[in-house]
Amino acid sequence: MNKRVLRRGLTGFWWLTLVFLYLPLAVVVLFSFNAANSSASFAGFSLRWYQRLLGNEQILSAFANSMVLAIVSSVIALVIGCLIGYGMYRHRHRKLGWLIVLIYLPIVLPDIVFGISEMAFFVQIHEATGLLKPGLGTMIIAHVTFQIPFVALIVYSRFVGLDPTLFEAAKDLYATPFKRVLHFMLPTIKPALISAFFLSFTLSIDDFVISFFTAGPESATLPIYIWGAIKKGVSPEINAIASLMIGAVVVAAILSLFFSRRRRA
Amino acid sequence: MSDTISADIADKTGVAPAAKTTRHQASTRKASAIELRGLHKRFGRDTVALDGVDLTIQAGEFFTLLGPSGCGKTTLLRILAGLEEPDQGTLVVGGKELTEVPPHQRSVNTVFQSYALFPHLSVRDNLAFGLKMRGLPAEKRDAKVDEIAAFIKLGDLVDRRVDQLSGGQRQRIALARALVCEPDVLLLDEPLSALDAGLRAQLQVELQRLQKRLGMTFVFVTHDQDEAMVMSDRIAVLDGGNIQQVGAPNDVYERPANAFVARFMGHDNLFAIHHSEGDWVETEIGRLRLMPGEQRDDADGWLLVRPETLELGPEVPEGYNRMTGIVRERLYRGSRIEYRLEVNECMVMAVASNLGQRIHHEGDEVTISVCPEDLVRVAA
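So the protein lines, in turn, are chains A and B. For the first sequence, the UniProt record's numbering begins at 1 and goes up steadily by one. For the second sequence, the UniProt record's numbering begins at 1 and goes up steadily by one.
Hints in this document: simulated from the structure, not taken from any laboratory. Hints are not guaranteed to be accurate.
To be verified - With a straight-line cut-off of 30 Å between C-alpha atoms, the simulated DSS-like cross-links for lysine-lysine are:
no., chain 1, residue 1, chain 2, residue 2
1, A, K179, B, K140
2, A, K190, B, K132
3, B, K144, A, K179
4, B, K96, A, K190
5, B, K132, A, K179
Claimed, not checked - Chain A is nowhere near these chain B residues, computed Cβ spacing over 10 Å in every case:
no., residue
6, V108
7, R209
8, D279
Virtual Cβ for every residue (Gly too), placed ideally from N, Cα, C.
Working from the sequences, and respecting the hints, build out all of it.
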């Protein structure tokens, strides 16, 4: 009897969790199709907010900024993080304690601290040399910095999961150092690279705090635009942007799942 | 599916198509001798892996490095492969000095203990890997891969993924991946240790036949003395980074150079020599006569008495040594019977072929006779 009550309680709790997780999202998606201006009541289905989005220069440029920032920073982070991950693997037997801490620090550091210090750093360099004017360039540098540890960690754990004699087998079978990278290492860690790219991309699209502190006047990304727009109240347009972002994330998740499935099939 | 290459190789021996015969003859010509001179290798400050190894391996020989773990056998193999560089000493293969040549420039291939098949590649691409890295065009690669796959009778597996293979199949693909490169020397690092006993015994015979068929120089590493004896032309027994003895299996087994080799080859009947005088030695188990060749004046050392050379029974043939013992334990093994006998408070093992003779019981007192020719003095 008690057990049944407990089980029902747990089931109820599970549903409650789902409601808190997904109801707000559902509401946002629903109201993005609202024909009315207000968020108070639903007055019928309409695509007008999506049409308004396409006509809004600011939103389109914020979207473009977000995409350029996410793709460019993820690619750069992939290259650097991959090298670091391999380096960590190669020298895993040495005592690298403090070095590893330095690499992982950005993961645990609060975004606000990271963002402010990056900003201060960029401003000082800019004042001294005229380089690193706040804008997309500084944002890319900041994003790469916090993406690198994630890529390095994913690549490193893929290498650690491999039979170390594979590296020797490649040498033994006449592969020069360059051919070892091309025909053995890169193909072997390809799944790790794909998922590292998706993760970096998501982190970048998602980021507000660090972007906010390192952005310039013309490099607002979607989150920064939304933050600015929301000060005037939640417009249905914001709902439409949010719905599009939800859609994009779902697609990315499905793609990532597809790639990892195909690897195992 | 058949799990044998032996039958296949036997077939090829008889009715090998012309193309294959030439290939194997070509490999025969390529067989290379190996010269190791003064090899030293140290790991860290304290671990001495090789302590001055000199060794010559003949062209076309099935040569085994035998020893317990940590004896240096694997280090030696890795130096041959180029995966490890010696601190001192030289390595010459087929007349060419290879000491500092990187592994990808050596015509030497390895069958790894873990097989090390590339998980991201199909069986076919694994087999073709070495040829591809050497820059052989795709059509030639395919032809060679098909040929080697048929040769080891795994032609129907080439389009599988590596993780769809059984242990025995992986082992054979790893072997084929090395063989298809037609190296001067093939190195095998305990390639059978992960297989179950039956498959292992079968592959021992197959590998040995394969080596004779190809005439390629094989260097095989194992810690299993039975495996070494079954397969090898010659064996080097290693311990503590030093070669203890090099010889044909029967030399190493019947005339071990020292007590370590004797024990490692499975001999339990080693008895301390207290005193020696002419042809006679005073040992733990009594005073025994040796062959004149065995006489040495040094008192120390051991006497090796192989269990299968002891005869139990009342009659003592002319010129034989005679001892008396009490049966303490008897193990009936069907084809043979093993006894543990107490002689002078020492335990002596004796093995008798089961020829229908009288079986002794625990507690029986038996007369033991042994021919002086079968007694071997072993250095400490």
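Hint-by-hint comparison with the structure:
1. A/K179 with B/K140: At roughly 20 Å apart (the allowed maximum being 30 Å), B/K140 and A/K179 satisfy the hint.
2. A/K190 with B/K132: holds (20 Å)
3. B/K144 with A/K179: holds (21 Å)
4. B/K96 with A/K190: violated (39 Å)
5. B/K132 with A/K179: holds (10 Å)
6. V108: Label violated. Min Cβ-Cβ 8 Å, cutoff 10 Å.
7. R209: B/R209 is indeed farther than 10 Å from all Cβ atoms of chain A, at 24 Å.
8. D279: holds (54 Å)
Checked against the numbered hints given earlier, this structure breaks hints 4 and 6; the rest are met.
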